[in-house]
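2 protein chains.
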Amino acid sequence: MSKDVEKRLVVGMDGDDTLWHNENILWSAEQKFQQVLLHYLSAEDLSHRLYETEMRNLSLFGYGAKGFVLSMIETAIEVTDGRIAVADIQSLVDLLKEIIWHPVHLIDSAAHVVEELSRSYRLILISKGELFHQEHKVASSGLADFFSAVEIVSEKDQSVYARILTKYDVDPSNFVMVGNSLRSDIDPILKLGARAIHVPYEITWKHEGQSSLDPKNRTYVLCNSLTEVAHALREMESMD
Amino acid sequence: MSKDVEKRLVVGMDGDDTLWHNENILWSAEQKFQQVLLHYLSAEDLSHRLYETEMRNLSLFGYGAKGFVLSMIETAIEVTDGRIAVADIQSLVDLLKEIIWHPVHLIDSAAHVVEELSRSYRLILISKGELFHQEHKVASSGLADFFSAVEIVSEKDQSVYARILTKYDVDPSNFVMVGNSLRSDIDPILKLGARAIHVPYEITWKHEGQSSLDPKNRTYVLCNSLTEVAHALREMESMD
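Quick note, the sequences are listed as chains A and B, same order. Residue numbering for the first sequence is 1 to 240, as defined by our numbering. Residue numbering for the second sequence is 1 to 240, as defined by our numbering.
Isolated chain A (complex conformation):
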C-alpha cells in the first residue's frame, strides 16, 4: 500500500438494491396488487396509475413501504370507483406487513465485498427511506459493523450528500459513492465533484432510473457486479 490509509478514498454505499434486494420485493407486491385489480384494468394501466399516485404522494409520504402501500390503497379505490371490496383493501394492508417483515436477502457477494472494502477504506452506508424500516434492514443485514457510519436519509440529493460529507469532514475529491440508482446515488454525487460507481440492480424503479445528467457528462464507472468495485476503486486511486 503506497498511500497512507488516512488518504485513501472514503466510500459511500447505498443499501436497498445495492447491498440487499428490495425492488424485487416491491415488484412482487405490485404483482399481487395487480391480481386484486386485474378485472378492472390491464396490468399496464394499473402500473401506470399506481406510479402516478406514488409521484403525487411522494411529497406527502416520502419514500418507503408505507407510502407505497398507501398509494396502492388510493389507486385501488380510484380505479374501481370505490367498488373494490373492503377485504381486498385489508389484503393490501397485509401486503405492507409482508414487505416490512420480508427477511433481508443480501445481494450475492455483498457480505464478502463489504468486509474486503472495510479493510482498506472508511465506509459510510447511506440509505434512503423510512427510518424505522431502514434501521431494521441495516440491523438484519449483518453488515453494520463494517461501516464507520450509517446515515438514513429521507432524500438523496446534492444538499443531503453535501451535509454528510461536511459532517464526516470528507473532501468531495476523496469520496466515491457506490449505488444502483442514477437519480439517488450517481447524479447528485457527480454534481458535488465526487466520484461514483454505478452497480445496476436487475430491476430499476422508473423513478430511480431517471437521470438529469447529460449523458456526455456521465463520468461514473459502471460495474456489472459488486465484485468489480474493489478493482474499480484501486484504478481510481492509481489515477489520483
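Hints are not guaranteed to be accurate.
Note that identical chains are pooled: a pair holds if it fits in a single copy or bridges any two copies.
To be verified - Pairs of lysine-lysine residues, derived as DSSO-like cross-links and limited to a Cα-Cα distance of at most 27 angstroms, are as follows:
1. Lys32 - Lys167
2. Lys97 - Lys191
3. Lys206 - Lys191
4. Lys32 - Lys191
5. Lys32 - Lys206
6. Lys167 - Lys191
7. Lys167 - Lys206
8. Lys167 - Lys97
9. Lys97 - Lys32
10. Lys97 - Lys206
Everything labelled a hint here was simulated from the structure, so no lab data went into it.
Add chain B to chain A, keeping to what the hints say.
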C-alpha cells in the same frame, strides 16, 4: 456568568408536544375516525380497539402518522367486520394527508424560550417519529437554527440517548433532557444518569404517559410551562 460556556449544561429538547403541538392534531383525527364508526361501536370501545391495533403494529410501523392511520384503517375493517364503506376508508387516507400537511403550531413561548436558551446552552433537538414528516416539522418550526444538532430517531430509549451523548461527546452528568413524555423523554435519560425536565402537554397519549420508573426515583424537575425551563436549568447549575 460564573462558569465557562463550555462547561455549561447541554440541553436536549423534544419536538412533538414540547415545542409544537402534535397530540391535539392526532386527537382531533381520532375524533373524525370515531365519527365514521360511531354506529358500530361506542367512542370508548373504538378508542380502546384503535390503541390495541396501534400497539400490535408498533413493531411493524414504528411511530408516526402513517402507522397511526394504517392502524385506523385496520381497526375500521375489524370492528365493522368488513362492512365499512370504501369511501370511509378513503376518508381515513385523506385524514392522514390532513395530519401530514397540518401547519406546525408552536407551543406558546417556544420560539422565545428556545432562542433564549440557545444563547446560554448547546441545544440538541431530539425528535421521534417518521424521518420525512419530522424533517418537515423541524423545518417548518423555524427553530432549527437555534439547535447545534437535530437528531430524528425511531425510538427514544436508553441506548438511543447513550448513542447521541457519545456522538456529541457529552457526559450524562452534564446533560438535561426537556420533554413532555415520561416514557420517551424522562425515564431513559434518568436511567443514564443524566437529568430531565418534564413539561407536560395538555393531552398525553396513553403510551407516552407510561413510565417504568419507581415514583420514588423520579428525580426529574417538573415545569408547568416552557417559560420555567430557563430558571430550572439555572437552579440545576447552581447546585453543580
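Now for the hints, and whether the structure bears them out:
no., hint, result
1, Lys32 - Lys167, "neither (42 angstroms within a copy, 43 angstroms between copies)"
2, Lys97 - Lys191, "neither (37 angstroms within a copy, 33 angstroms between copies)"
3, Lys206 - Lys191, "within (21 angstroms within a copy, 48 angstroms between copies)"
4, Lys32 - Lys191, "neither (38 angstroms within a copy, 47 angstroms between copies)"
5, Lys32 - Lys206, "within (19 angstroms within a copy, 36 angstroms between copies)"
6, Lys167 - Lys191, "within (18 angstroms within a copy, 29 angstroms between copies)"
7, Lys167 - Lys206, "neither (31 angstroms within a copy, 37 angstroms between copies)"
8, Lys167 - Lys97, "neither (35 angstroms within a copy, 33 angstroms between copies)"
9, Lys97 - Lys32, "both (13 angstroms within a copy, 25 angstroms between copies)"
10, Lys97 - Lys206, "both (24 angstroms within a copy, 24 angstroms between copies)"
Of the numbered hints listed earlier, those contradicted by the structure are 1, 2, 4, 7, 8.
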